[in-house]
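Trainee: What follows is each chain in one-letter form.
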Amino acid sequence: MNKNYLFLTILMLLLAVGTFFIPKKQLVKHERSPEKLLMDITQPSRYVTTDQVAKMIIEQDPTLELIDVRPADEYNKFTLPDAVNVPLKDILTPESQDNLGIEDMNAVFFSNDDIMADQAWVISRRMGYKNIYVMKGGLNCWIETIINPVEPPETAPETAFETYHFRKAAGIYFTGGNTVQTGDTGTKKAKVKVRRKKKEKAASGGC
Amino acid sequence: MGPLIPNEIITGDWNFVIAILIGIAFGFLLEASGFSSSRNLAGVFYGYNFVVLRVFFTAVIVAMAGLLYFDYFGWLDLSKIFILPTFLSPMILGAVIMGIGFVMGGFCPGTSFTAIAIGKMDAVFFVIGLFIGIFIFGESFPLFKDFFNSGSMGNVTLTDVTGIAAPWFAFGFTVVALAAFWVTAEIEKKVRKNTKEYKF
Chain P
1 MNKNYLFLTI LMLLLAVGTF FIPKKQLVKH ERSPEKLLMD ITQPSRYVTT
51 DQVAKMIIEQ DPTLELIDVR PADEYNKFTL PDAVNVPLKD ILTPESQDNL
101 GIEDMNAVFF SNDDIMADQA WVISRRMGYK NIYVMKGGLN CWIETIINPV
151 EPPETAPETA FETYHFRKAA GIYFTGGNTV QTGDTGTKKA KVKVRRKKKE
201 KAASGGC
Chain W
1 MGPLIPNEII TGDWNFVIAI LIGIAFGFLL EASGFSSSRN LAGVFYGYNF
51 VVLRVFFTAV IVAMAGLLYF DYFGWLDLSK IFILPTFLSP MILGAVIMGI
101 GFVMGGFCPG TSFTAIAIGK MDAVFFVIGL FIGIFIFGES FPLFKDFFNS
151 GSMGNVTLTD VTGIAAPWFA FGFTVVALAA FWVTAEIEKK VRKNTKEYKF
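Listed in order, the protein sequences are those of chains P and W. Quick note, the first sequence lines up with residues 1 to 207 if you use our numbering. Quick note, the second sequence lines up with residues 1 to 200 if you use our numbering.
There could be a bad hint or two in this list.
Below are the DSSO-like pairs computed for lysine-lysine, each with C-alpha atoms no more than 30 Å apart in a straight line [unchecked claim]: (1) P:Lys-3 / W:Lys-193; (2) P:Lys-3 / W:Lys-120; (3) W:Lys-80 / P:Lys-130; (4) P:Lys-130 / P:Lys-89; (5) W:Lys-80 / P:Lys-24; (6) P:Lys-24 / P:Lys-130; (7) P:Lys-24 / P:Lys-55; (8) W:Lys-189 / P:Lys-3; (9) P:Lys-89 / W:Lys-120; (10) P:Lys-55 / P:Lys-130; (11) W:Lys-193 / W:Lys-80; (12) P:Lys-36 / P:Lys-130; (13) P:Lys-24 / P:Lys-89.
It should be emphasised that the hints constitute simulated quantities derived from the structure, not laboratory data. In this text, all values refer to a predicted model and were calculated from it rather than measured experimentally.
With the sequences and hints as input, model every part of the structure.
Mentor: This is the structure in structure tokens:
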């Protein structure tokens, strides 16, 4: 027998045995390491203020993606314009994942305050998503600052008044100028245009 | 990286270009392996020539282990490749019919065309018969339709069905194939005493 065949037989056998040692694929591709995640968590740069969010909504910033992480029934009662609902408990489902990691989009999580939004942020960050933010103070802060802003005292610096005037105007923008503020801020539920990540398709067809 | 088209590295328009290139390569390798001779092909059923078994088993084990490594290296995402849907009982019957045709005709559909390409007359008749068969099947399809579509299991792999990890199949097939290579070489030696040592 030719020695080459013996060599090839042994080589193929080794390669076949080698397949046992191929590590299982990680389900999450770009998982953030715990050390880096811990560093990210301590950074306040993930927070955006309600003023920034309001400004982006008013300017119809196309890169803004608002994600409401509260349960669906709360989302149905009230939410921010064009926000999509991804309840915190469903954040790991494939459908929810479609809302994250869309190219060129900045996802902003919000909840009633920022605790649930922060949790959603940590989970998403751990999964390696970038361009994700948390609205500081959540919807409570939204109501306090944008819908019912408090007039600063006369001794306050000019910037405080500028902020106040912006908030007042923004409040009118969002409530349609209702003078009497109620819990219902008059946002009519328009159909939310949901942008989704492009699906990674498996090949179809064949011989 | 791969598969190229589902990952949108190249567009689906390249499908036919790639198909032509692969087709040419496939035809060339069939001819180069001696598959355009019906004597070589039918030999596997009569026990004097196992080149078919060796070529196809080599292709299977190399591709099988290779794909697992490619997936690991990130060159080809195995979760995105096309898996032919399984229709169990129609496939078994189809395989039996194909096998009978193979023994009788001395060709399988692909090799018959490579044989025509090098001018074999028997292959011409084989292909005429092949098209008559296709025509009859096409015309009488309503009769077989229910059976044709029965036993659908979807796009499953052996791992999906059995739950046994892919490396076990790769290893098992490799061992069986390598054993078959050595055993058939011995058989050939005994059957063809006057021939030189067979090269595979």
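Trainee: Compare the structure with each hint and give your call.
Mentor: Each hint tested on the structure:
Taking the CA atoms of Lys-3 (chain P) and Lys-193 (chain W), the gap is near 21 Å; set against the 30 Å cutoff, the hint holds. For the suggested pair Lys-3 (chain P) and Lys-120 (chain W), the alpha carbons sit about 36 Å apart, so the restraint of at most 30 Å is broken. Distance restraint check for Lys-80 (chain W) and Lys-130 (chain P): the Cα-Cα separation of roughly 24 Å lies within the 30 Å cut-off, and the hinted pair is therefore satisfied. Between the alpha carbons of Lys-130 (chain P) and Lys-89 (chain P) the distance comes to roughly 20 Å, so the proposed pair stays at or under 30 Å and holds.
For the proposed pair Lys-80 (chain W) and Lys-24 (chain P), the alpha carbon gap of about 16 Å is at most 30 Å, so the pair holds. Between the alpha carbons of Lys-24 (chain P) and Lys-130 (chain P) the distance comes to roughly 25 Å, so the proposed pair stays at or under 30 Å and holds. Restraint check for Lys-24 (chain P) and Lys-55 (chain P): the C-alpha separation of about 46 Å exceeds 30 Å, so the hint is violated. Between the alpha carbons of Lys-189 (chain W) and Lys-3 (chain P) the distance comes to roughly 17 Å, so the proposed pair stays at or under 30 Å and holds.
The hinted pair formed by Lys-89 (chain P) and Lys-120 (chain W) fails the criterion: a straight-line CA distance of about 67 Å is larger than 30 Å. As the CA atoms of Lys-55 (chain P) and Lys-130 (chain P) are separated by approximately 22 Å, the hinted pair is consistent with the 30 Å bound. Proposed proximity of Lys-193 (chain W) and Lys-80 (chain W) is contradicted: the alpha carbons are some 49 Å apart, above 30 Å. Restraint check for Lys-36 (chain P) and Lys-130 (chain P): satisfied, since their Cα atoms lie roughly 13 Å apart, inside the 30 Å limit.
Restraint check: the Cα-Cα separation between Lys-24 (chain P) and Lys-89 (chain P) comes to about 27 Å, which is no more than 30 Å; the hinted pair holds.
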